[in-house]
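Q: Each chain, letter by letter, is given below.
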Amino acid sequence: MATSTDSDDRNLVQRIDAWLNEDVSPRRALGAYLVLGLYFSFLLLPVIYMVIVTFTTQEFLFSPELVPSPSDFTLRNYEIVLSRGDFRTYFVNSMIVATSTTLLVLTVGVLAGYSMSRFDYPGRNGLLYAFLSTQMLPIVLILIPFYLLMFSLNLVDSLLGLVIAHSVIGIPLGTWLLKGYIDDIPESLDEAAKMDGCSHLSILRRVIVPLSMPGIAVAGFYTFILSWNDYLLVSVLSQTAMTRTLPFGLQLFQAQNTVAWNLLLTAAVITMAPVILLFAVAQRWVVEGLASGGLKGS
Amino acid sequence: MATQTESRFSRYKEEFSSFLTETWIGYAFAIPATVLLAVIIGYPTLRGIYLAFFEASLLNPGQMEFVGLQNFAALAGDPVFKEALWHSVLLTGLVVSLQYLLGLGLALALREKVPGAGVFRSLSMVTWVMPVIVMVIIFQFMMQNGFGPVNIILDSLGMRTTYWFGEPGVAFPLIVVMHVWRNIPFYAIALLAAMNSIPEEQYEAARLDGAGPLERFRYITLPQISYVSMIMIVLHVTFTFKNFDVVYLSTGGGPLGNTEVLATYVYKQAFEQYALGYGASIGVVMLILMLAFTVVYVKLEETD
Numbered sequence: 001m002a003t004s005t006d007s008d009d010r011n012l013v014q015r016i017d018a019w020l021n022e023d024v025s026p027r028r029a030l031g032a033y034l035v036l037g038l039y040f041s042f043l044l045l046p047v048i049y050m051v052i053v054t055f056t057t058q059e060f061l062f063s064p065e066l067v068p069s070p071s072d073f074t075l076r077n078y079e080i081v082l083s084r085g086d087f088r089t090y091f092v093n094s095m096i097v098a099t100s101t102t103l104l105v106l107t108v109g110v111l112a113g114y115s116m117s118r119f120d121y122p123g124r125n126g127l128l129y130a131f132l133s134t135q136m137l138p139i140v141l142i143l144i145p146f147y148l149l150m151f152s153l154n155l156v157d158s159l160l161g162l163v164i165a166h167s168v169i170g171i172p173l174g175t176w177l178l179k180g181y182i183d184d185i186p187e188s189l190d191e192a193a194k195m196d197g198c199s200h201l202s203i204l205r206r207v208i209v210p211l212s213m214p215g216i217a218v219a220g221f222y223t224f225i226l227s228w229n230d231y232l233l234v235s236v237l238s239q240t241a242m243t244r245t246l247p248f249g250l251q252l253f254q255a256q257n258t259v260a261w262n263l264l265l266t267a268a269v270i271t272m273a274p275v276i277l278l279f280a281v282a283q284r285w286v287v288e289g290l291a292s293g294g295l296k297g298s
Numbered sequence: 001m002a003t004q005t006e007s008r009f010s011r012y013k014e015e016f017s018s019f020l021t022e023t024w025i026g027y028a029f030a031i032p033a034t035v036l037l038a039v040i041i042g043y044p045t046l047r048g049i050y051l052a053f054f055e056a057s058l059l060n061p062g063q064m065e066f067v068g069l070q071n072f073a074a075l076a077g078d079p080v081f082k083e084a085l086w087h088s089v090l091l092t093g094l095v096v097s098l099q100y101l102l103g104l105g106l107a108l109a110l111r112e113k114v115p116g117a118g119v120f121r122s123l124s125m126v127t128w129v130m131p132v133i134v135m136v137i138i139f140q141f142m143m144q145n146g147f148g149p150v151n152i153i154l155d156s157l158g159m160r161t162t163y164w165f166g167e168p169g170v171a172f173p174l175i176v177v178m179h180v181w182r183n184i185p186f187y188a189i190a191l192l193a194a195m196n197s198i199p200e201e202q203y204e205a206a207r208l209d210g211a212g213p214l215e216r217f218r219y220i221t222l223p224q225i226s227y228v229s230m231i232m233i234v235l236h237v238t239f240t241f242k243n244f245d246v247v248y249l250s251t252g253g254g255p256l257g258n259t260e261v262l263a264t265y266v267y268k269q270a271f272e273q274y275a276l277g278y279g280a281s282i283g284v285v286m287l288i289l290m291l292a293f294t295v296v297y298v299k300l301e302e303t304d
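These protein sequence lines are chains H and P, in that order. Under the numbering used here, the first residue of the first sequence carries the number 1, and numbering increases by one thereafter. Under the numbering used here, the first residue of the second sequence carries the number 1, and numbering increases by one thereafter.
Any given hint could be a false lead.
[Said to hold, decoys possible] Lysine to aspartate or glutamate pairs mimicking DMTMM-like chemistry, simulated, CA-CA at most 25 Å apart: (1) H/194 x P/15; (2) P/268 x H/157; (3) H/194 x P/14; (4) P/13 x H/120.
[To be verified] Here's a subset of chain P near chain H, in silico, CB distances under 7 Å, partners left out: (5) 36; (6) 48; (7) 106; (8) 109; (9) 129; (10) 133; (11) 149; (12) 242; (13) 245; (14) 263; (15) 266; (16) 270.
No wet-lab data here; the hints were simulated from the structure. Using N, Cα and C, we set each Cβ at its ideal position, and we do this for glycine too.
Just chain H, with the same shape it has in the complex:
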């Protein structure tokens, strides 16, 4: 423990040292910090402020004060929000829908990505572009017939309906991302596996899936937040509290004319917490992957 802290410290010292020794003028560094400071205030202060406010009393919220004092601190908002049964139901629904969606997209996405990366068949490129072009479609155009279709399949107001809806939005990008990653795996590896008598399914399981893990992490992360954050499809497909997910369920705290700001903000923080945590865990792959892999495309 102590050693790791030591080495961290040394790292920081070394880093600052190395940075000072580069021919970076203090003026330039100051400029960089000034710019980063401006971005920080614009991008992150509102989020930080919201999180702080959720730990304060209602009296503070409705006072003309900007900065809370320690005496305003309370956990009451979290107690109230988390003790609500309907809010907990929404949370569980969100978890079920986002997790199932991710698993479904990854399964069909890996299969399709493998197919488009390794097999050469008539219509492959057409299929690839057809997948990608679905990203161009305005969802609102699809929404009307989509609702009617789900209605006739008896999938309105069911979690399965939400999973299918979210999967279909996630599949094109998931497939495209995974194809890109699988393209980077040397084909000689699956040739060798084939020589050893592996079938395509076991090549997938033993070679492709383990080696494209970073890509799977990115596609999985992307699909999860897409499903977790969705409002539009849930608002159309979900009609009772039994199938509502968190983003739609936040309306709970917006009554007719008044808004219980302290509870609404607290519920909002709880709603975004899982995706932020997931991002913190997966960011190593996500940041690089979305930046390079996601754009690599064809």
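We have chain H; now place chain P onto it with these hints.
A: Structure of chain P alone, referenced to chain H:
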């Protein structure tokens, strides 16, 4: 001789049969994703286009009356549609250019690698991963009348306070700000990755030739990030143009239709006015504009 022909023939046969099985296996792996997309996106898209030529109500979707191009003719005389179209185009233009410029600025600042830049790079992604509804709640809270932080500050400066999302002339810029706020980090990360792949030697060489920072940016950085830039811009033109939830959740198109965009207008026609056919015809117009944009982009790409 005979055996040779035979063996060659059997090799062809083998290759042909392996081509057959390989092809079918390839199709088989792509089928689950393709079928899902075809049923749940392909069919509704065609159906949506088909609906645009009918008069149909959400209350009784079975009963449809063919009206030809009447819905489109009605659009041409619909002032709300024209407003929404103008807002969509204006919003897309403003949002994408601001996002690009500010994202580029952030990428350049992060590139300085000052201590703490890495942490900020990760932290800034928070705005990109959070649900749109949470973003909207944050902004509405800040802009709310009375005790919103923005109004507390404005009040202490002796300026006017109000619920800013309900203020014509302010609501639209606020929608632009929310789009930009959300996407700056994504642009910054993508552009930063492109910048980091530029070999350092090129900058060294330029420096030796006496090129200043602005010249190095203009002649080395900019050309080498142009590909990623184009992709980011094209993607976000389509994302912004078809975006629904930012506007719908924050202002619902108000005040007085000041922020109405095509996507919210489709939704309102179909799910609030129950005019399925009319709503679908607006969706078709969006699709046509999107296709036109793509075609122009591909043509420009080819001529480059």
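Q: Quick check on the hint: residue 109 of chain P CB to chain H CB, less than 7 Å?
A: Holds, about 4 Å.
Q: Hey, does the residue 263 of chain P contact hint survive, CB to chain H under 7 Å?
A: 5 Å, holds
Q: Go through the hint on residue 48 of chain P and say holds or violated, using the shortest Cβ distance to chain H against 7 Å.
A: 5 Å, holds
Q: Residue 36 of chain P was flagged as interface toward chain H. Is the shortest Cβ-Cβ separation under 7 Å?
A: Residue 36 of chain P check passes; min Cβ-Cβ to chain H is 6 Å, inside 7 Å.
Q: Would the hint on residue 106 of chain P stand, with a C-beta cut-off of 7 Å toward chain H?
A: The hint holds - residue 106 of chain P has a Cβ within 7 Å of chain H, the shortest such distance being about 5 Å.
Q: Closer than 7 Å between Cβ atoms is the bar; does residue 270 of chain P clear it against chain H? Give me holds or violated.
A: This interface hint holds because 5 Å falls under the 7 Å limit.
Q: What's the verdict on residue 194 of chain H and residue 14 of chain P, does the C-alpha distance respect the 25 Å limit or exceed it?
A: 16 Å, holds
Q: For the restraint on residue 245 of chain P, tell me whether the closest CB of chain H is nearer than 7 Å.
A: 5 Å, holds
Q: Let's test the interface hint: is any C-beta of chain H closer than 7 Å to that of residue 242 of chain P?
A: 4 Å, holds
Q: Would you mind confirming whether the straight-line C-alpha gap from residue 13 of chain P to residue 120 of chain H stays at or under 25 Å?
A: 19 Å, holds
Q: Given residue 266 of chain P was flagged as interface, is its beta-carbon under 7 Å from a beta-carbon of chain H?
A: 4 Å, holds
Q: Just to be careful: measuring from the Cβ of residue 149 of chain P to every Cβ in chain H, is the smallest value less than 7 Å?
A: Holds - the Cβ of residue 149 of chain P comes within 7 Å of chain H, reaching about 6 Å at its closest.
In summary, the structure agrees with every hint in the numbered list given earlier.
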